[in-house]
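Visitor: Listed here are the chains, written in short residue letters.
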Amino acid sequence: MTSRRHAVWLLAPGLVAVLLLFYLPQALMFIVSLGSRSPYGMVVPGIGLANYARALDPLYLWILWRSLLLALATTVVCLAVGYPVAWWIGRVAPAKYRTALLTLVILPFWTSFLVRMYAWIVLLRSEGVVNHALVAIGVPRLPLLYNDFAVLVGQVYGELPFMIIPLYVSIEKLDAVLLEAAADCGAGPLRTFRSIVIPQTLPGIVAGCVLVFIPSLGAYLAPDLLGGGKTAYIGNLIQSQFAVARDIPFGAALSFVLSVVVLVLLVVFRRPLKSAQTL
Amino acid sequence: MSVPISAAVEIRSVTKRFGNVVAVDDVTLDIRPGEFLTLLGPSGCGKTTLLRLLAGFERADTGRIAISGTDVTRVPAHRRPVNTVFQQYALFPHRTVFGNVAFGLEIDGVAKPEISAKVARALDLVRLNGYDTRRIHELSGGQKQRVALARALVLEPEVLLLDEPMAALDPKLRKEMQVELKNLQERLRITFVFVTHDQDEALVMADRIAVMNHGRIEQVDGGEALYERPKTRFVADFMGVTNLLQVHVVSVDAGTARLRTLRGLDIVAEDDGGYRAGDTVWIGVRPEQISLVERHANTYAGTIDDEVFLGDYTDWRVRVEQELLSVGEGNVLARGRARGDAVTVSFAPHAVLRLDDPHGAGR
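Respectively, the protein sequence lines represent chains A and B.
The C-terminal residue of the first sequence carries number 444 in the working numbering, and the numbering is unbroken.
The C-terminal residue of the second sequence carries number 370 in the working numbering, and the numbering is unbroken.
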């Protein structure tokens with residue numbers, strides 16, 4: 166019993182942080198979202214669902230849909246790029262270099278995300294590094310910047326470490342003898358990957374996808390800088406309601422809708438999430 | 008004894024190196040169809056590497072391996088007509104017992120009803136009927152072992168490879184499984200290649216035992232022959248010949264070799280044709296071949312230096328001049344002796360085994 170009481174005390178700092186920094190702001194946002202905007206951009210308290218009705222306008226739903234697609238594309242590309250990298254670090258590279266290689270994966274975090282997005286502008290713009298290289302080998306210039314492609318590149322680049330790390334943990338734990346057992350039963354490399362490797366590394370796949378998908382849904386910086394304001398995603402829409410249109414209640418409603426979408430997705434996928442954890 | 012061309016497994020001059028270590032060193036071996044062959048040796052002797060070369064998990068640096076007359080030296084593991092029972096079973100944790108046994112059949116594209124029938128038969132064979140839907144983590148060590156066996160047998164391999172499959176079982180269960188596995192092999196007539204470091208296990212199960220040391224096969228023989236007539240110092244040591252002595256050959260005459268140990272004990276041995284006067288060689292005498300009661304050509308006065316009680320018998324350490332001999336005596340007779348007693352030890356000339364020492368392990 167005393168150990169349980171001690172556990173509560175150990176949990177206390179975390180609980181306080183979550184309450185103060187997540188649930189309280191979320192509750193405030195919800196209250197604000199029920200109010201309306203004064204002519205000077207202030208919040209007029211009230212109880213109404215007008216902001217939510219407006220959020221269901223096809224235009225905004227389309228933006229939400231685009232955001233879901235961006236998050237999905239980011240997740241798929243990160244998985245496709247990250248899996249071989251994590252596999253290589255966890256199973257192919259000499260064990261003594263693994264820590265160094267993982268450090269390289271997270272090294273970009275030592276530079277501000279903002280700075281790294283500007284670096285992508287330097288690479289992708291029409292007079293940028295990539296286009297110069299293309300011209301040098303006789304390929305015409307490509308419109309690489311200020312479009313959805315640039316946003317996806319920036320998102321994948323930014324989220325990739327969050328995919329690689331959990332994948333690495335799962336892949337590194339995978340028992341090599343299971344691969345031999347599969348080959349012994351007659352499974353070629355592809356069959357072994359499908360029937361043994363994917364099920365065995367599913368916890369890492371699910372964790373990586375959740376860690377990439379959810380932040381990508383509300384992505385703001387990459388769409389803003391690499392999309393050049395010409396691409397509309399829910400993150401930018403919310404930001405513009407707060408900072409440009411100064412319609413705080415509507416921005417609050419939009420961000421609350423986004424939270425609900427994430428929550429619904431987590432509930433819908435709770436079965437695969439749970440089965441992945443019990444493996 | 009010449010081996011027919013239709014050997015189940017032909018291993019020809021196979022060598023495998025890991026960096027500077029020669030794990031398997033120029034091994035040549037024929038395994039007969041339907042034979043239970045055991046690769047026996049201490050850890051690091053290369054027995055598991057040799058098994059992995061047969062399975063296809065390792066590629067030979069040089070040499071050739073053929074299974075049922077087909078060269079498989081360059082054939083990957085998943086295309087070889089062999090199956091393996093792994094040391095730690097290597098069952099797929101995300102699949103049920105049925106899913107594990109059915110895996111290979113699914114890959115072969117066997118029809119569903121036939122898979123069910125074959126899996127049921129395989130589980131019946133290892134006495135696990137009704138365990139189909141169990142998860143792997145719900146099974147005991149012995150049950151996992153049986154599932155691993157069923158998973159390999161259901162594919163009807165030409166050769167079944169077993170890598171110390173009993174190592175993780177407790178001694179009592181291990182004894183039961185040894186008998187069961189031997190019976191199973193005799194019933195199915197599949198060629199078994201069984202790796203172990205336990206000579207008792209090898210003696211219980213194998214038709215022939217290949218004793219490995221430093222990547223080489225030192226002797227291949229039936230269990231009885233190996234026990235009665237080990238050819239090298241290493242094999243003798245491994246098979247429990249605890250009295251190993253280095254001797255000068257003083258003279259060889261009319262089927263009798265007169266020997267003197269380096270510490271000056273004179274021994275008469277039956278000449279097997281291998282003694283040359285003036286040579287220095289190793290000999291061995293089994294502890295149970297030395298008697299404290301009978302009188303043979305080699306008879307010495309000694310004192311009991313120490314005793315080791317081993318259940319069925321007692322191992323007396325008897326000091327004879329400068330040598331210390333190990334004498335095994337059944338416990339009915341052993342009563343009434345104690346440390347410090349004067350005894351007479353005796354063994355016959357034919358009990359003296361002449362041993363080669365190809366690796367100089369005794370120096």
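If you are wondering where the hints come from, they were derived from the structure by calculation, not from laboratory data.
There could be a bad hint or two in this list.
Quick list of in silico lysine to aspartate or glutamate cross-link-like pairs, DMTMM-like style, CA-CA up to 20 angstroms [stated by the list, open to error]:
(1) B:151 to A:340
(2) B:151 to A:292
(3) B:179 to B:205
Visitor: Compare the structure with each hint and give your call.
Guide: So, going through the hints one by one against the coordinates:
1. B:151 to A:340: Distance of about 16 angstroms is within 20 angstroms: holds.
2. B:151 to A:292: 64 angstroms, violated
3. B:179 to B:205: 14 angstroms, holds
Figure legend: structure checked against the earlier numbered hints; the only hint not met is number 2.
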